[in-house]
Each structure stands twice: as structure tokens, then as C-alpha cells.
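**Student:** Residue-level listing of the chains:
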Amino acid sequence: MTRNAEAALLIAAAVLAALGVAMVNFASGIGFDAQVALTFLVFVLSFGGVHLALRRWAPTANPYLFPIAAFLAAIGFIEVYRLDRDLAALQRWSLLVAAALAAFILFLLRDEGVAALRRYRYIFLLLAIGLLLLPLLPESWPLYGAEVFGSRLWVRVDLPFGDRTLSFQPGEVAKLLLTVFLASYLADRHLALATPRKIGRLSVPEPRQLFPVLVAAGASFLVLIYQRDLGASLLLFALFIGMMYVATARSAYLISGATLVAAGGVVAYQMFDHVQRRVFAWLHPFEDFTDTGYQIAQSLFALGSGSLTGSGLGLGRPDLIPAAATDFVFAAVGEEMGFAGSVAVITAYALLVAAGFGIALRARDVFRKFLAAGLTLVIGIQAFLIIAGVTRLLPVTGITLPFMSYGGSSLLANMVLISLLARISHGERT
Amino acid sequence: MNGPIRHLAATLFLAMLALVGMVSWLQVIQADEYRNDPRNARVVAARAGRERGTIITADGVVVAVSEADPSDPRVFRRSYPEGEQYAHIVGYSTALFGNTGLEASKSSELVSNRDSTISGVLNAVLGGDLRPRGLRLTINDELQTVARDALGGQTGAVVALDPTTGAVLAMVSNPSFDPNTLLGIDAGPAGEALENDPAEPLLNRAAQAAYNPGSTFKVVTAAAGLETGIAGPGTVYDDVTELALPGSTATIRNFSRGPCADGTQVSLTTAFARSCNTIFGELGLQLGAEPLVAQAEAFGFNTEPVTDFPAATSTIPAADTFTDALAAVAQTAIGERDVRATPLQMAMIAATVANGGEVLEPYVVAEVFTADATIESRTEPTVLGRAISPATAGALAEMMERVVTGGTGSRAAVSGVRIAGKTGTAEVPGAAPHSWFIGFGPVGAEPGQPQIAIAVLIEEGGSVGEDATGGTVAAPIAQAVLARFFGRTG
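Chains as they are written, first to last, in the working numbering: chain A, 818 to 1247; chain B, 185 to 674.
With the rest of the complex left out, here is chain B:
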């Protein structure tokens, strides 16, 4: 009779062993899969409930903060006091839509380590600081506000950089959205509406959208001319009304439909100040595809940007694709055809000229600080490479200054400050043109003197429409930001 009892005991033990096998499978082998399943409400609760670090601007304005729920001190609520103004930079940390922007890329610093994981407990036992870190941005709230106000209701973007460090001083994209509306469990419809909005408010146009750069690309073409020695600021060209393109019936004409100057001869500097397509088309033809593409790539085209925020790659077709299409080289040289640049890339070009030719890595996080407000780490400027020689940079700076003092960019002028710039008006098939302005100041800065580089892009005519140009639409916005930076009003 004891035999059957032993058999039953053995059977039950095997059954219990199967249970141990099952919990091993669920809790050890597959644990992460279940833990991170998006339908697991714990993921949502953990995201929504944890304390996250404070994010402030360079001038101390709080743009993201976590506050304990009055009814349950363990649950923290994230809020974004500045609403739309920092939505694209800071992003959001939500229950339903996950994290974006710095909330995603700097999550490990921003999140509290106070948890019951083995590393969390060890850290606590060893006296580590478990409180979340805070971030200080490079963004200056005053400039950010001015840029946003200047954009008004127009669709577009403003990027301002410190040319000496690469720090982003302002980055605005319009239209924007209020991340506070996406926080709750009930934010589903609000998020869907944003995603389906044809105006694409979620897109950071300043860094993630690439456009035809138009005439602002002439800075790159001029740089290639100066670097190769094919042209100099004083090089003189025949002032034609129309540039015939080899192997094509198409021609290149100036914006005015007339000659660049008096119809006889014109220098590269004057052609630059007046943004003459005929002369720069001609220069493009003289250069050929190879040096032009190489110059653009030296400025950062065709390379994924190294940044601490999401940024798209600006592109120019490879040199060998132009072999049978010289006409395309000329059109590329004036920023049309298939060249695409983000406002951030164009701001970096202006900054590179201001900085004597060195390309710096743009960044928005200046410091990571602890809960005791001591600085834990500080972002050091990183040189990505040299795009042009200091001599070329100096010559380009003077040519760009002429754009503002006596050319298409006069509306970017700030009294008492030497401002350099370049306007652009990029044709959009079937719509009003995109308006561009890139620039920097002051020209010939002393070491230690505050400097700023800027790019402004307004999509499809902005508030002006068909007649919009870089000089009339984009330059005044740049002027507002530059004037505030240099302490001038108006």
C-alpha cells in the first residue's frame, strides 16, 4: 500500500518541480519581456509616477519639473511650466506616448534611482545619491522668447548658436504644442490629434526638417571658390542677365530678372551682397561638382549630426551623380535642385565662418547638476573639424557683412554692431518660396567678446506670401534676436 503512496508523492513532487520551472521561465528568463510589455500598466505607472529631475534654462527659467502628488507623496507629476516654448527641445515624459527630446535622451540622469533593483539597493547602502539629476540648458530664455515672438504665427524655425562653443542659445520651431496636454492617462485623443495635424506641430523644424537652402548656400559655394583659389572676393565676372546652362535648355536668371549690377562687370563680393544667381551659377560651373560637394560635406552635409538632441542629416548628392549634368552643378551652387539643409546646419555654417573655420558640435545641455545643486558634469565644446581656413573665413565674413550693410540683408542690421549675413529665397513648386536668413555677429570679434550665429527659416512665404524673400521675411526675425542679444531694443 505504501508503493502507490510513494508513486503519488513522486508525481506531486514532479508537478511542483514543473511549477518551479514555470516560475523560472516567467520570472527569470522571460521577465524583461513581460516587465516591458507596453500593455503592462506597471510600465505606464512607473513612467508617470517617478520623480524626474528639474530642467532649467541658462538664465534659470524652470522648463520641466516634477512635483509630488499631494494625495500620495510617492507619486510625482511632471509639468512643463513654459508650455509650447520648449516642447521640441525638452520633449515630454508621458504615460501613454513614452519619452521624447531630452526627456528621452537624458532619461538616465533625469530619473530617480530610488528603486528596489539590486543596483538601486546597493547604491543606497553604499551611500550613493539616488535623487534625480537636473539639467541646465544652453538656451537663453530671453532669446528663445524673442525668437518665438518674432516668428509669431508663421511656420518656420530659428536656431541661434554660440559660434565659440557650439552651444545652442535659442531653438524655436513653429507651430509647437503644449506637452502638458499629453501627460495623463486620458491624453489619447489629444496625442492622436497632434499626430494627425497636417501642420505637423510635433516636428522640430529647427533640426529635424531639411529644406532647399536657396541663396544661403552661396556661402558654401563662395567658400569652395576661395578655398580652391578659383575665385576671390575681388574676382570680376561678366555681368550677364542670363546664364546658359551647358547641355540644357534651362537658364539661370537673377531674382530681379535683370543683370546683377550695371550689366558690364561685377565682383564676387558685390554679386554675393546682391545674391546674384548668374554669377554664382557661373562659379559653380567653374568649380565643378567635386569641390562644391566636398566643401558642403566639410561643413557637415551628408553626415549624421553629432548633437545631444535629435537632428536630421542635411544632404547634397554625391559628386559623381553630377558627371553628366553640369547644369545641376550650377543650380546646386545657388541652393536649388537636390541640396537640402536643416536650419541647424545653416546656423552651423554661419557659426563656422564666425569661428575662423572650425566646425563645433552643437549641444543644448550645458550642465548636469545634482539635487544639492552642485555641478556633476559640464559639456565641453567639441571641435568636429575644420571646414575652411581662417583666411577664407575672414574673407567670407567681410563678404557677408556687405550683405547687411549694403545688400539683400539690410533688415538684419543692428545699430553699433557689425552683423554679417546671407539671405535666401528657395523656390517651392506650387507654393510661395521658403525664406532664409543666416548670419552672425559681431564681425571681427575680440577674444572673449559675446558672439552669436543664427539661422531663420520661414516656410512658404510666411505672413507675406508669394512676394516673400529672405531679406523681407527672415532677416527682420534674425534682427530681433540679434538686437536682443547685443542689448539693443528694436
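Next up, chain A with everything else stripped away, as it sits in the complex:
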């Protein structure tokens, strides 16, 4: 596949988004309006811009990444637009900014590639932990933390002009920085970590080698648990374990990781009511229908009502699902686009993950390999965790669906993530 094919697919995604908006309009009796053209324009500008950046600064980069991301962004945008036009307008701005940032990253890394990032790994680690701590800032400060739906994940700034508040989720960026740190650290130490010291019969990794990783993991966890962010905790944990496994090829990490997750889950269940409520809602969504089970029950109703081909865009009731535009956007897609839409979305994530792991497999040096694997894990685990929650395969963990959920921070982080993957793949194709 060539860059030209990529361009064609990106335009197809822009057409998809615009057509979706037009269909939503028709369903509500509006017909064509400026929103249709505006959506097409924003998608063409955003992804077209990234595409031009790729042509200039990473011409041999993997051409599948951005078309898949654009497809997911288009599907998600249609549902966000269908649910709330104001949110959709904001989301368009976010897409423009995110694309600009992705292109800027490609520009910054144009000569050295991602290797340049290795120099800053400890800065990244500190930044990540700092960002994770930001939401704990007191509310009286100009930059302050805010609690939304019982989780303290947000940072806000009251802008001096107008009556506006800028809010963002620093955790979204922190997960990227932590991935870069881990990839970089493990690239230096993976040999040492893979040849553990023997203490009697037990094989234990060199503690000195492991220490920074444990600090990074521990600090991130504590913060996230304090902020009651189950989804991010689980994501980061799985990321650590996955990257340790890639770096050392020792399945002991996977086994001990799974054991820790199980133990941590039991402890969290004992300690926190919000964990208990989530598990109860997962097991018995209809028993406490009006309270704890409401969201998951609404999600199941939406998916079931969507059935094979969906209610049609704008013709369902995804507005009945709490958080339909953010964490539960998959249920909204499943209702209006049906089983067909659900499977298309899951398949797109599988393809994206396949492309990501393909890049990791072909990468020639370990840092690129680890980074590509880590970034791919971030996307894959996130998509899996939230779709599993929405479909009641697992308890709901509260995490955004990459590229599809409404939310600037998430879109920004994921576009940058994809541009890093693209940069890794540049010049390393076999």
C-alpha cells in the first residue's frame, strides 16, 4: 500500500464522517447544513495535514495506522454529534489540535526518530508522575483538580477571558510518557533483568535493576487508586506487566502479574465500596436497576435494541445511556449501527493492534521494539477494557475508547501515540 492509497482512505473516512452527520440531520428532519461541510473539512484538514507531514518527514511509515484511526474517529464523531452538537463542535477543534500536534511530533522527530526520546526518559517519568498528581491540586488554586463522577481525574483552568473553563485529563498524557520511559529503561536493562540472580532455588531479578520500574509502577498506582481511577490503574498495570514480558521473555512476569491483579482486585474489593458497587452492577445489573445497575443495564438495552443492523443513525435512543458520548460511546454505536457496526469497530481495533505489533516485530533496535509494543498495548488494552465493560464481559472500569470517545485529552494523546508508532515504522520496513 502506498501513501496515495492512504490519502484515498483518509478522504473516505472524511466522507464517512460527513455522510454520518448528514444522516443524523435527515433523521431529525434538518437535512444538509453547514455541519456536514464543516465536518468534512475538519477531517480532511486534520488527517490531510498529518498525511502531508508523513509524506515529508516519514515517507515510508506504515500507511495503515492513520486510516484506521480516522475510521474510528469518524464513527465516534458521528455518535458524539448525534448525542450533542455542542460537544461535536468542541470535538472538531480537539481533532484539529490533536492532528497539528501529531504532525508537530513527526516534525520534531524528523532526523533522529523516536530515539531522541530516550535522552529525556527520567524527565518523562517525573512529568508523568507530576501530571498524575495534578488533579489533587486544591480547588482554590488557579489550576485546580476537579472530581467528576466520583473520580478525581481532571484538571481545570478558569480562562481569564470570557466565562470559560479549560479542563483536561493529565492521565491521558501521563500514560504516553510512562510508556516511553518504560521502553527506554527496559531497552537499557532488559538483559540484566532477563538473567536473574539465584537466591537458593528462587530466581529473583536483580533488585537494583528492577527498582526504578517498581518505583514508577508503585507511584502511578498509588496516585490512581487515590483518585479512584480503576480503568487507568488496570491499564497501567497491564502495560507494565506486558512490557516486562516483552523485555525479558519470562512468563514468570505474566504469571506473577496475573496473580497480583487477582490479589489486588480482592483487596480493592474489600477496601472500596465503589469497587464493590461496580462488581455488583456487573454481576446483577438488573437487581439494583435504578441505581448501581442503571448504566450497564441501559448499555445492554441499547445494544440489544440495536440488534443486527441497528436502529439507524439518529433513530435510536443512545441518549438514555449515561456517559454515552464518552466511556459508553461503544453502546451508542452498537444501538444505532447494530451488530454490524460493533463488529466493524472491534475489527478496526484488532487491525490497529495488528499494525502496531507488526511494527514492533519489524523494529530493528530494542527501544523501538519495546516502544511500539508498549504503545500498541496501550491502545489495545484500553479498547478491550472499556468495550468489555460496556458489553458486561468485565466490570465497568471507566476509561475512554481511543479515537471514538468525546474528549480532547484522550484524542490528543492517542493521535500522538499513533504518530509515534508511524515514526517508528519509518525506514524500518522489511
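Certain hints may be false.
What the hints assert, rightly or not - Which chain A residues stay away from chain B? Per the calculated CB distances, all over 10 Å, these:
1) Leu-858
2) Trp-910
3) Phe-1106
4) Leu-1117
As the list claims (entries may be wrong) - Only some residues are given here: those of chain A computed to face chain B with a beta carbon under 8 Å:
5) Leu-943
6) Val-1078
7) Ala-1080
8) Val-1084
9) Ala-1085
10) Tyr-1086
11) Ser-1122
12) Ser-1159
13) Val-1160
14) Ile-1163
15) Ala-1165
16) Tyr-1166
17) Leu-1194
18) Phe-1201
19) Ile-1204
Unchecked claim - What follows is a list of derived Cβ distance ranges for each label pair:
20) B:Gly-205 to A:Leu-862: 34 to 42 Å
21) B:Thr-365 to A:Val-1078: 31 to 39 Å
22) A:Val-974 to B:Ala-555: 55 to 63 Å
23) B:Ala-202 to A:Leu-907: 30 to 38 Å
24) B:Ile-369 to A:Ile-940: 41 to 49 Å
25) B:Gly-205 to A:Asp-1105: 46 to 54 Å
26) A:Val-974 to B:Ser-292: 52 to 60 Å
27) A:Asp-1105 to B:Ser-647: 33 to 41 Å
28) B:Ala-555 to A:Leu-907: 56 to 64 Å
29) A:Gln-1087 to B:Ala-288: 34 to 42 Å
30) B:Pro-382 to A:Arg-902: 50 to 58 Å
It is worth saying that the hints were derived from the structure and are not from the lab.
Just so it is clear, the structure is predicted and the values come from calculations on it, not from any experiment.
The beta carbon of each residue, even a glycine, is placed where N, CA and C say it ideally should be.
Let chain A serve as the given structure and place chain B on it in line with the hints.
**Tutor:** Below, chain B without anything else, positioned relative to chain A:
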């Protein structure tokens, strides 16, 4: 190093596959269960929001209509302009309480097919008419109004049929309710109040409640006598004041407590006109259980009614349950004991006599019409069977005419029209009696001449109380309806 990456990739693919499995389960296998769950607000919204067809009476009065919401042209609101008058026939289509009446039984015609199901889309592509169908009822709004006015505040029911087709001309049950109060999402308390109302306004007494038919059942007993040849209109009986019942200390006495006529001898016709229990008890004893039960069943008892609206079965105990209880046969023959009939069943008996003995299927939907007002289907009269011979029907008609011209049913008379009838007063333990009148007109109708059969039931004395009889309470109500039908006032 690539080994672990491949393992992780495989793990994530398996996880994605699990997601596909989960959405298959939710959206394909279990889809209907979630879609139709009563707690799924989509069900409620779809019910409340869809356009439904118009329902009009035979004479063009709109009784149910859907109108687009001014603020959202996709959402339709149902309304029932006639309120209480058609509540039991049309029923309601509500968000909270589902559908009843024709709104339930004719839902597939009344609902718009304009949806995004595969069949809906196919239909649209193939140029099918997706707009909802409308219904024209057999009910005549003028008669319905007269019947309702005549009932007034009394608890009871009126059923009028066209004896030649089975079409229901009027069907009123009192007390009623206003379906417009049940439509909204906020109708919960209103619906609960109706459900718990001891007066049972939701019950269609005309077709869904069965009562002791009292002396109106003597039409069935007389029919059995004529059909078996055990009795004829002129058969003469000893006019006793009291009929001793075999195997029992109980007796049967007349309503007057005296003899039927002059205390000597009396014909079956006179006994019928005067509604004498002694003579019909005697006839019941002569007949025995078998022919009496068989005759009732030929008229429709013990069979679930075939109708296009909900109707209860009228019942009479099986013949073999009377073997050791001859007294019960006599009491059943005068419409007491365990025989139970709906007003609809009794109207069908009158209609059968008017129609020369054939039982016709009652129906309330005359036509289904499209949004272009072209008739899509028309209900054809269906003969359910023959209950009595034309000769028996003719003889019964003359006996019933005597009830109105010189018997207990004189208050049902309409000037210039030969009206046939039979009154009934059914005892209710611890309360005033139920009053009945069944009848039809005109007797000896020419082919093509308009005909009507009617049944009126007033529960527990109506406005009269203890002294209520079929002749004083029910017959005047029938008279009002009959007079309007034949174009007479008063």
C-alpha cells in the same frame, strides 16, 4: 524478543474475539429479550411515539386519532376524542400500560410500518404503503350515545347487534373511563386508581362479565321445548301457584307469588309473556338436563366466543352434573343456579331468533382502510352454526312479541314497529336483583329491512333498587335504543 510480542498479540486478538462473542450474544442471540424488556425505555418511547391509524365509527365519528407533536414531527400523540364512550371497544395504546381493546388486537394494522427493520426497508424500497391503516367500526355513534345516555349513572351494559350480519351496532359498559388520562408517562397514579376502583370501570361488562340471565334464559328453555317437540306455543299447563321440586324441599314460585293466570290452565305463550317460573320450571323438568344444556350450547354457551374483541365465555354446567339434582334443572330453566351469560351472549340469542335460527359471529371492525381512504378489507358475516330451526325461530319470535304487546316487556314497545322481547330479573343474594331485557325488531322483517337485536343488563337494581325488574329498569333503556334505531323519538 519477538516471541513475547507474538504472544501478546495473540492474547489481545483472543480478547477482541471474546468481545465479538459478547456482542453476538447481546445483539443477535439475546437481542429480543433486551429490546422488549419492559424497563427498556425504548419500548415505552416507541409505543408512545409511533403514528397509529385513525378509528372511526360506522357513521364517521372519529374515536381514536394520532397527531404529530408540533415540536417534533416524528413523535405522534394518540388521543380519543370521544373519551369514555368507546373506551371498552377501542381500548388504549399507552406508554405505561401497553395496549388493550382494538388498539391491541388490531395493532399490526394500526401501527406504521415506517421503521428501519429489514422488512420495513424492503417494503419501502418495493413501494409498499408504510402508512398505518385505519379502522371503521360497525358501531353507530348515534345508537351508542343513546344507549349511554339511557344507562345514565346505572351500572350495567347495552349490546345491540345487526341480526343479519352479526355486526355490533352499539356496545356500552358503565361505569367507563377516559383513556386520555392514561396516555402520558405520568399516568401511573391515574392507572392505579382505575385498577383499584371497586366499581371496576376497566371491565367491559357488555362482553367480559357473565351474570345469571334470569328469565331471559326462558327463551333458551322455550327453544329446547319447541325443538324437541315436548312443547309448543299452545301447549297447556296446569296453572299452579307453586312448583314442588323433586328430591328437594325447595319450590319454585312466580314473581307475583300467585298463579300465572287465572289458576286453572295456561298456555306456554301466556306463561312466556308473563314470565311464569312455575310453568318454565315444569318445562325444565319435562325436558331434563340433556336437551336444555344442548340447546344453550347451540346458542353459544360453554364455547369461547369467536369475536374480534375480547369476550368472556357464557357457561352452563354439563348435563351429567344434573343427574342427581332434578331440582337444579328446573332452576336452571328459569335462568337461576349456575348458568351465567354475558350481555353479548344474550344479545346473540335474540339475534339468532330474529335471524331464523342461525348464529352469527359478532364483530366490531367493519373495514380496514388505507391512508388514502381506500378499503383494504371488509369483514364478511360468518355463520357459526344453526341453533334452532326456522320454524322454532318463527314461533319464538311470536311468543317474544307477546311479551312486549301484552306482557312484562310492554315498556320496550316502539310505536309502529313489531318489537319482540323477554325480560329477566335475576336474584342476587344480599343485594337488589339484576335486571335484564333482550329483544329484537321488527318481527317478520322483509329481506333488506333494517333489523336490530339488543340486550340490556342493569346490575343490582340500578336506580330503582330492591323493586327493580327487567320490565321496569332494563326495558325502557332498550326502548330508547330501539326507538332511535327505527327513527322514532321517545
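**Student:** Give a verdict on every hint.
**Tutor:** Verification of the hints:
{"no.": "1", "hint": "Leu-858", "in the structure": "holds, 29 Å"}
{"no.": "2", "hint": "Trp-910", "in the structure": "holds, 29 Å"}
{"no.": "3", "hint": "Phe-1106", "in the structure": "violated, 6 Å"}
{"no.": "4", "hint": "Leu-1117", "in the structure": "violated, 5 Å"}
{"no.": "5", "hint": "Leu-943", "in the structure": "violated, 28 Å"}
{"no.": "6", "hint": "Val-1078", "in the structure": "violated, 14 Å"}
{"no.": "7", "hint": "Ala-1080", "in the structure": "violated, 20 Å"}
{"no.": "8", "hint": "Val-1084", "in the structure": "violated, 24 Å"}
{"no.": "9", "hint": "Ala-1085", "in the structure": "violated, 21 Å"}
{"no.": "10", "hint": "Tyr-1086", "in the structure": "violated, 22 Å"}
{"no.": "11", "hint": "Ser-1122", "in the structure": "holds, 5 Å"}
{"no.": "12", "hint": "Ser-1159", "in the structure": "holds, 4 Å"}
{"no.": "13", "hint": "Val-1160", "in the structure": "holds, 6 Å"}
{"no.": "14", "hint": "Ile-1163", "in the structure": "holds, 5 Å"}
{"no.": "15", "hint": "Ala-1165", "in the structure": "violated, 10 Å"}
{"no.": "16", "hint": "Tyr-1166", "in the structure": "holds, 6 Å"}
{"no.": "17", "hint": "Leu-1194", "in the structure": "holds, 7 Å"}
{"no.": "18", "hint": "Phe-1201", "in the structure": "holds, 5 Å"}
{"no.": "19", "hint": "Ile-1204", "in the structure": "holds, 5 Å"}
{"no.": "20", "hint": "B:Gly-205 to A:Leu-862: 34 to 42 Å", "in the structure": "holds, 39 Å"}
{"no.": "21", "hint": "B:Thr-365 to A:Val-1078: 31 to 39 Å", "in the structure": "violated, 56 Å"}
{"no.": "22", "hint": "A:Val-974 to B:Ala-555: 55 to 63 Å", "in the structure": "holds, 58 Å"}
{"no.": "23", "hint": "B:Ala-202 to A:Leu-907: 30 to 38 Å", "in the structure": "holds, 34 Å"}
{"no.": "24", "hint": "B:Ile-369 to A:Ile-940: 41 to 49 Å", "in the structure": "violated, 57 Å"}
{"no.": "25", "hint": "B:Gly-205 to A:Asp-1105: 46 to 54 Å", "in the structure": "violated, 26 Å"}
{"no.": "26", "hint": "A:Val-974 to B:Ser-292: 52 to 60 Å", "in the structure": "holds, 58 Å"}
{"no.": "27", "hint": "A:Asp-1105 to B:Ser-647: 33 to 41 Å", "in the structure": "violated, 53 Å"}
{"no.": "28", "hint": "B:Ala-555 to A:Leu-907: 56 to 64 Å", "in the structure": "violated, 43 Å"}
{"no.": "29", "hint": "A:Gln-1087 to B:Ala-288: 34 to 42 Å", "in the structure": "violated, 51 Å"}
{"no.": "30", "hint": "B:Pro-382 to A:Arg-902: 50 to 58 Å", "in the structure": "holds, 52 Å"}
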